[in-house]
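From first to last, the protein sequence lines are chains A and V.
Under the working numbering, residue 528 is the last one in the first sequence; the count climbs by one each step, no gaps.
Under the working numbering, residue 318 is the last one in the second sequence; the count climbs by one each step, no gaps.
These aren't lab readings, by the way, just hints derived from the structure by calculation.
Only a predicted model underlies this, so the values are computations on that prediction, with no experimental measurement involved.
It is possible that part of the hints are untrue.
As the list claims (entries may be wrong) - Derived CB-CB ranges, DEER-like:
hint: 1; chain 1: V; residue 1: I145; chain 2: A; residue 2: G326; range: 25 to 35 angstroms
hint: 2; chain 1: A; residue 1: S75; chain 2: V; residue 2: F231; range: 49 to 59 angstroms
hint: 3; chain 1: V; residue 1: D173; chain 2: A; residue 2: P370; range: 49 to 59 angstroms
hint: 4; chain 1: V; residue 1: N172; chain 2: A; residue 2: P370; range: 44 to 54 angstroms
hint: 5; chain 1: A; residue 1: P370; chain 2: V; residue 2: Q77; range: 51 to 61 angstroms
hint: 6; chain 1: A; residue 1: T175; chain 2: V; residue 2: S99; range: 54 to 64 angstroms
hint: 7; chain 1: V; residue 1: D173; chain 2: A; residue 2: P400; range: 54 to 64 angstroms
hint: 8; chain 1: V; residue 1: L181; chain 2: A; residue 2: T130; range: 43 to 53 angstroms
hint: 9; chain 1: V; residue 1: Q77; chain 2: A; residue 2: D147; range: 28 to 38 angstroms
hint: 10; chain 1: V; residue 1: D173; chain 2: A; residue 2: G128; range: 23 to 33 angstroms
hint: 11; chain 1: V; residue 1: G87; chain 2: A; residue 2: M116; range: 29 to 39 angstroms
hint: 12; chain 1: A; residue 1: D147; chain 2: V; residue 2: I145; range: 44 to 54 angstroms
What the hints assert, rightly or not - The list that follows gives simulated cross-link-like pairs (lysine-lysine, DSBU-like), each with its CA atoms no further than 35 angstroms apart:
hint: 13; chain 1: V; residue 1: K180; chain 2: A; residue 2: K51
hint: 14; chain 1: A; residue 1: K50; chain 2: V; residue 2: K222
hint: 15; chain 1: A; residue 1: K223; chain 2: V; residue 2: K180
hint: 16; chain 1: V; residue 1: K180; chain 2: A; residue 2: K524
hint: 17; chain 1: A; residue 1: K356; chain 2: A; residue 2: K418
hint: 18; chain 1: A; residue 1: K404; chain 2: A; residue 2: K303
hint: 19; chain 1: V; residue 1: K6; chain 2: A; residue 2: K268
hint: 20; chain 1: A; residue 1: K50; chain 2: A; residue 2: K9
Glycine included, C-beta positions come from ideal geometry on N, C-alpha and C.
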Amino acid sequence: MKDQIEYLKKRVGQGRITRREFVGRLGALGVSAAMANVMMAQAVRAEGPKKGGHLKMGSVGGESTNSLDPAAAASQVPYYNLNLFGDTLVEVTPDGSLGNRLAEEVSSSPDAKTWMFKIRKGVEFHNGKTLTPEDVLRTMERHSNEDSKSGALGIMRGIESMKVEGDVFSVTLKTPNADLPYLMGDYHLQIQPDGGFDNPGAGIGTGPYILEADEPGVRHLWKRNPNYWDDSRGHVDSVEILVINDATARMAALQSGQVHLVNRVDPKVAALVDRAPGVRVESDSGPGHYVFIMHVDTEPFSKNDLRLALKYAIDREEMVDKVLRGYGSVGNDMPINAAYPLFDESIPQREQNLEKAAEHYRKSGHDGSPIILRVSDVAFPGAIEAAQLFQQSAEAAGIPLELKREPGDGYWSEVWNKQPFCASYWSGRPVQDQMYSTAYLSTADWNDTRWKREDFDKILLEARAELDPDKRKALYSKMGRMIRDEGGLICPMFNDFITGVSDEVRGWVNDPTGETMSGQWSSKLWLA
Amino acid sequence: MHPVVKLVVQRVALGLLLLLAASVLIFAGTMILPGDVAQSILGQSATPEALANLRAELGLNEPPVTRYFNWLFGVLQGDLGTALTNGQDIATSMGRRLSNTLFLAFWAAVVAVPLAIFLGLLSVLYRDRWPDKLISAVSLASISIPEFLIGYVLMYFVAVQLGWFSTVAMINDSMSVLEKLNAIALPVAVLTLVVLAHMMRMTRAAILNVMQSAYIETAELKGLSAFRVIFRHAFPNAIAPVVNVVMLNLAYLVVGVVVIEVVFVYPGMGQYLVDHVSKRDVPVVQACGLVFAAVYIGLNMVADIVAILANPRLRHPK
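Please build the complete structure, drawing on both the sequences and the hints.
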């Protein structure tokens, strides 16, 4: 039997038989499907990547208004494009550790206040210019200077000064931060020649692919960079991203073989797509979460009893089943889950408890007037359904919840972060410190629950400067519990990213740190 | 001056005035929408600082009236400006989308218009018998079903199951004309089904109207064949209403096919406009609005002029 399995592994590794066949035949030999999938991944890796071919993806999240300026990237297609033409200094690897990219070596002063990045030598930009530490410095300046409109501006704020010495680029911070290298792996911070000051949207970087055709909102075509410095990435000859925003059209394109990959498969059809011939779905858990957020400084949400009543009333399991169809996990009213390093698994999971909900509701002394929850389709996929489920379970606890549907257009500017109670979405961040600093620090711009607590801020800064992982973990655990028990966040679920993949595609790695292999599908996958 | 020339000149002048009015309306409309371009670009990730920087850079701090006249001044000199969102030249990027839209509309019209008129003539010929009823039933059913649904149904059966044609009608410059035609086969089929009924029924009604006249009876009494009577004697007199409805449908094919563009991922004007409306990119919305209004006004003008030329009584007024 062992020989047979070895033989099948070799065949599937070479792409001679399909995954379905492989799993089926191993099933006949008494091997479970889950085990077979693991074996297949090993076999394919052992066989090694194959070079060549034209890899095509149908992606949501592209508009004719997109540019290639890394500072402006906010949706999937620009995000993928950045990963095609650019490199960051460091990256967060699938296991949550730090990987070096354009930085060869990362070190810090003992107090974690100054960080040094030794820049790789002999790397060339697509325009022929050689990468220098000055390019790195200029890039960081462009994302952090006074005129910056970069999406990374928020994370660059803690920087006091930056300088270049020899081949080392160093950053000095206002306050110590043990997580700074993770921040430097942000996808906006692609190193551009001269920081991209002269032409930010040129699409020129050091990355594995060179721009061939750029039609925003339609398609982006990339050719392999023959001078790429990293041989372990960039297997296919060319990559094409087709912008297919319509979910049904995306699935049809995958099934009819016009693309090899599609992102954001609707959970409602994921099981069907997985059963279709020649394709499968890959589901990756991650830090993204669907939330209902209350402003803790606004009546009636200023009473913690009312907040707890709502937290106890919501049925998390039901939402994961009905809204995510099982492609996700339950939340615990804090923005952190196991996808983060230093997550404390021992924090008890909050369950639905209608009696406790009713009791807290009574204690809050709410006058019984309807509590208005604002919701829209754009808040997250299935937001309306989730809100309706929430309304029903709240009603069972005697809490009058009223849904108000808001137009999707303008939701992020007029409702989110303005109205006291609404549905929303967080894509998560690579490390806990960044997630908390982005949305739960008193001074954060996106403090969408108005969580302003001096004691919390103090622990956050303390944890940031703490280099001992055990002590940090304890501090993060304390912060998580504070938000869970007193915060304005109702987090029913963490969503999985569901990708539709053709059987011709090899090299898939489940990566919890970001959507579609952290945006690096293009340089890590290959074709059978 | 010849009365027809005079009419054309009058209509063109009126059309230009209408375009100006349309541009004011569109500008006012985009001002009423919540949020501005800076907010839309930055989306959920907008920080107040980044917003202020972007607003200053895009010149959004000037009063709306000044911005409108700056834009109008540019357009009068033939400069449509650049998109606020990604800095691309509007004339170039819109030109590419417009030519795609016209390409799709052209081929849909090439299939749909002759087919509709032919089916209309056929219906008259077999009036109230089964071919007439079948044609009406099929074309009315197809106009009643939402177009995206026809699109999905065709996509599933023709492209996914049978493997003919492509579900993604994305065309680009590196494709040959045949490849392009293959790519747009399904959207052309859907658009044909959508516009067929309107033109076919109008052709049928207009010709039936003429068929009541005494001169048709005379033609029949002369012993002419039924098809010859309809095509040579009835059709020329029914041409005005038919041209009118054909032009309306052509205008629809150019300005109203955004749903089809989304379903078949066709890089046309509709999706381009919708993207920029949701980002509040006023100069692009204005430019698209102008083009759409011009198409509507132009095609209606053609319909009116053809109606006049086709009618000797209007051609030679006393």
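Right, here's what the structure says about each hint:
1. V:I145 <-> A:G326: 25 to 35 angstroms: Between V:I145 and A:G326, where Cβ atoms are some 34 angstroms apart, the hint holds.
2. A:S75 <-> V:F231: 49 to 59 angstroms: About 55 angstroms separates the Cβ atoms of A:S75 and V:F231, which means 49 to 59 angstroms holds.
3. V:D173 <-> A:P370: 49 to 59 angstroms: holds (57 angstroms)
4. V:N172 <-> A:P370: 44 to 54 angstroms: With Cβ atoms ~53 angstroms apart, the hint holds.
5. A:P370 <-> V:Q77: 51 to 61 angstroms: holds (56 angstroms)
6. A:T175 <-> V:S99: 54 to 64 angstroms: Holds, at about 56 angstroms.
7. V:D173 <-> A:P400: 54 to 64 angstroms: holds (59 angstroms)
8. V:L181 <-> A:T130: 43 to 53 angstroms: holds (47 angstroms)
9. V:Q77 <-> A:D147: 28 to 38 angstroms: 30 angstroms Cβ-Cβ, so the 28 to 38 angstroms window holds.
10. V:D173 <-> A:G128: 23 to 33 angstroms: holds (27 angstroms)
11. V:G87 <-> A:M116: 29 to 39 angstroms: holds (36 angstroms)
12. A:D147 <-> V:I145: 44 to 54 angstroms: holds (52 angstroms)
13. V:K180 <-> A:K51: holds (30 angstroms)
14. A:K50 <-> V:K222: The given pair, whose Cα atoms are some 79 angstroms apart, is violated under the 35 angstroms limit.
15. A:K223 <-> V:K180: holds (23 angstroms)
16. V:K180 <-> A:K524: Judged against 35 angstroms, a Cα distance of about 32 angstroms means the pair holds.
17. A:K356 <-> A:K418: holds (29 angstroms)
18. A:K404 <-> A:K303: Holds - the C-alpha atoms of A:K303 and A:K404 are around 22 angstroms apart, at most 35 angstroms.
19. V:K6 <-> A:K268: violated (62 angstroms)
20. A:K50 <-> A:K9: holds (16 angstroms)
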